Structure formats: structure tokens, C-alpha cells
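K.L.:
Okay, here's what each chain looks like letter by letter:
There are 2 protein chains.
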Amino acid sequence: MEKLGGKGGVANEETTSTMRTAETILRLIPMALCLSALVLMLKDSQSNDFGSLSYSDLGAFRYLVHANGICAGYSLLSAIIVAMPRPSTMPQAWTFFFLDQVLTYAILAAGAVSVEVLYLARKGDMAITWSAACMSFGGFCYKATTSAVITFGAVAFYAVLSLVSSYKLFSKYSAPALTYPGNKAMEIAAFQG
Amino acid sequence: MEKLGGKGGVANEETTSTMRTAETILRLIPMALCLSALVLMLKDSQSNDFGSLSYSDLGAFRYLVHANGICAGYSLLSAIIVAMPRPSTMPQAWTFFFLDQVLTYAILAAGAVSVEVLYLARKGDMAITWSAACMSFGGFCYKATTSAVITFGAVAFYAVLSLVSSYKLFSKYSAPALTYPGNKAMEIAAFQG
Numbered sequence: 001m002e003k004l005g006g007k008g009g010v011a012n013e014e015t016t017s018t019m020r021t022a023e024t025i026l027r028l029i030p031m032a033l034c035l036s037a038l039v040l041m042l043k044d045s046q047s048n049d050f051g052s053l054s055y056s057d058l059g060a061f062r063y064l065v066h067a068n069g070i071c072a073g074y075s076l077l078s079a080i081i082v083a084m085p086r087p088s089t090m091p092q093a094w095t096f097f098f099l100d101q102v103l104t105y106a107i108l109a110a111g112a113v114s115v116e117v118l119y120l121a122r123k124g125d126m127a128i129t130w131s132a133a134c135m136s137f138g139g140f141c142y143k144a145t146t147s148a149v150i151t152f153g154a155v156a157f158y159a160v161l162s163l164v165s166s167y168k169l170f171s172k173y174s175a176p177a178l179t180y181p182g183n184k185a186m187e188i189a190a191f192q193g
Numbered sequence: 001m002e003k004l005g006g007k008g009g010v011a012n013e014e015t016t017s018t019m020r021t022a023e024t025i026l027r028l029i030p031m032a033l034c035l036s037a038l039v040l041m042l043k044d045s046q047s048n049d050f051g052s053l054s055y056s057d058l059g060a061f062r063y064l065v066h067a068n069g070i071c072a073g074y075s076l077l078s079a080i081i082v083a084m085p086r087p088s089t090m091p092q093a094w095t096f097f098f099l100d101q102v103l104t105y106a107i108l109a110a111g112a113v114s115v116e117v118l119y120l121a122r123k124g125d126m127a128i129t130w131s132a133a134c135m136s137f138g139g140f141c142y143k144a145t146t147s148a149v150i151t152f153g154a155v156a157f158y159a160v161l162s163l164v165s166s167y168k169l170f171s172k173y174s175a176p177a178l179t180y181p182g183n184k185a186m187e188i189a190a191f192q193g
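Line order of the protein sequences matches chains Y and U. This note's numbering numbers the first residue of the first sequence as 1 and each following residue consecutively. This note's numbering numbers the first residue of the second sequence as 1 and each following residue consecutively.
Not one of these hints is a red herring.
Derived BS3-like pairs (lysine-lysine); straight-line CA-CA distance at most 27 Å:
| # | chain 1 | residue 1 | chain 2 | residue 2 |
| --- | --- | --- | --- | --- |
| 1 | Y | Lys-43 | U | Lys-123 |
| 2 | U | Lys-172 | Y | Lys-172 |
| 3 | U | Lys-43 | U | Lys-143 |
| 4 | Y | Lys-143 | U | Lys-123 |
| 5 | U | Lys-123 | U | Lys-143 |
| 6 | U | Lys-168 | Y | Lys-172 |
| 7 | U | Lys-43 | U | Lys-123 |
| 8 | Y | Lys-168 | U | Lys-172 |
| 9 | Y | Lys-43 | Y | Lys-143 |
| 10 | U | Lys-168 | Y | Lys-168 |
| 11 | Y | Lys-43 | Y | Lys-123 |
| 12 | Y | Lys-123 | U | Lys-143 |
| 13 | Y | Lys-143 | Y | Lys-123 |
| 14 | Y | Lys-123 | U | Lys-123 |
| 15 | U | Lys-43 | Y | Lys-123 |
The set of hints was computed from the structure by calculation and includes no laboratory data. Please read all numbers here as calculations on a predicted model, not as lab measurements.
Isolated chain Y (complex conformation) (with noise of 0.2 Å):
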């Protein structure tokens, strides 16, 4: 029976070790999408005959930046703390689940109003005398967009993450819970032994 015990120990650790690493990696992609999102954007800017343009004039870029950044940052920060050895505590679920739900909000916004900025500028509208910036500055809405897209990819990462930081908290907290139905066969096994 010990040895049985030993053994599931082992298969354990080795499991947890696994799952530690899966998630390093998946907390250090979203780092570098983030950060080539923000380089990208940084860089982008063009003058032309038509004028100069720059990823600064535009709020939704500017924003998209910040998010970045940030999300660049809360990324590399989240994973050295998962890559450490330690046994996850209830307050650190907790941080991991809140602060990975805020930013995914927080990116897909980003990514969002960018592109409805882009969007605009490369449709212009004319109910409202919004000119199609993107027919004289190509380059930058080029840039720009590609900015987006590399943003929604780390989009797509922190909503798997969200996910698994939800399951590690949740997952939790039905242990006690002898009411919950699922456990109904284990308590009717119970009464009827």
C-alpha cells in the first residue's frame, strides 16, 4: 500500500512539473507577442507630402501601446512566479485568476478599438466626413495593422490562460462540498455501507 503511495507521489510531481512547464510557455508566448505588438506600434510612423503620421495621434494606438506594455511586463512577471517550484496558495490562485481576467479584458479592448481605428481609416465614412486616411498613408496602416493582429494572438493566449487560472482556482474549492451533487453517489455509497 505504501509503495502504491510512493508511486502516486512520483506520477504526481512528475504531472505537476509538466502542467508547471505548459504554463511557463504559455505565459512567455503572449509575452513576446505583446512585446513585437508594442515594437511594432512604437516604430509606426510615416510622412508623406500629405503630412506626417504617427501611432501617438491616434488614441486607440496609444492605448494599444500601454496595454501591451503592460500585458508584456504581468506576462514575463507571471511566469517566473508559475515557473518557481512551490505549491500554489489560495491568495496567489486568487491574484493569478483576477489579474489574468482584467487582461484579457484590458488587451482585447486593445485590440478591439485599434481595429476600428483601422477599419475606419482605410474605409473612411462619409455621413460623418471621416476621410480614408490609409489611401495616403499606406505604410503606417500596414504597420498598424499588423500591430493588431499580433495583439489578438496574445488575445487568444490570455483567454486560454483566464481559463486555466479559473480551473486551478475553482477547482479548489469543491473538495469540501459534500452536498454538491456530483458527490450524491459517493454519500448514498456512504448511508448504504
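Starting from the known structure of chain Y, arrange chain U on it as the hints suggest.
P.N.:
Coordinates of chain U only, in the frame set by chain Y:
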């Protein structure tokens, strides 16, 4: 023992019933919010000496209307399903979990792009020669802003709902996992006994 079991069963049923009612209300409120945001935006048009402007002239507002329509329909449908006194099955928990997440992201994006367009319409953008349309269409902007704010109210409810559904899904998963750290105490007790 049987009496205790019976009592536990009644208390359990009461808790389940209260939780069911709470979740139904939690789904009906965003339905009302989405519906009011939708109606407000649908009725939003203004004509004056500068011309006429309707919500359908702007892609972001059209998307807001669609997202709010889907949100209202889904909220009603899910509230009806939740209100039925049936134990939730695994596929149902997965479906709610998945759709709640998607809806949260969809209406968050709708709110974000609408706010961005309203920001541009209010401030304009010199660099890209976009005029501040709210100067001439104040009433239009006011109604659209109200609709966007109400949409963010629905987003807040959906953020909570997506947590509830992920809790309901993931808390089902930990019970059979005997290698889970939370069950260690039980394992040890079993081995010792």
C-alpha cells in the same frame, strides 16, 4: 443517520433552488440592459443643417446593435434553461461556460469600439483630419454614449456570469482527481485507516 441525510437533502435542495433563482436573475438583468442599449441605439438618428446622421452610418454602432441583440436573445434563453428545476449535465455546463465566455468578449468588444468612435467623434483628430462630429450632432452622440454605457453594464454582468459558469464547470472536475493536493488529507486518512 437517515434523518440527518434527509435534512441535508432538504437544505441542499433549498440552496440549489436559491442559487438557481439568483442565476436566473443574474441572466435577466443583462437581458434588460442589452435590450435597452439596443433600442436606444436603433432609435438614434439626428438631422439638422449639417446633414443627417444615423447609427447605421457607423460600423461600430451597427456591431453594437447586433451584439446587443444576440446578448438579449441568449440571456433570455439561458435564463429559461437555468430556471428549470433540473440537475445540470456536463454538456450543458460546457455549453454555458463556452457561450458565456464568447458573449462576454463579444459585448466587451462592441462596447469598446463604440466608445472609441464616440471618443473620435467628440474630440476629432487633427493629424488624420477627422472632424469632431459631436459638435454638430450633440443629441446623436448623447444617445449613443448612453447606449455604450448601458452596454458596459451588461459587460459587467457577463463578466460575473462567465465566472459563475466556469465555477460550475470546473468544480465538477476536481472530485474524481485523487492525486489533487486538496484531497491529500483524505488520501492519507484512507491509507492510515
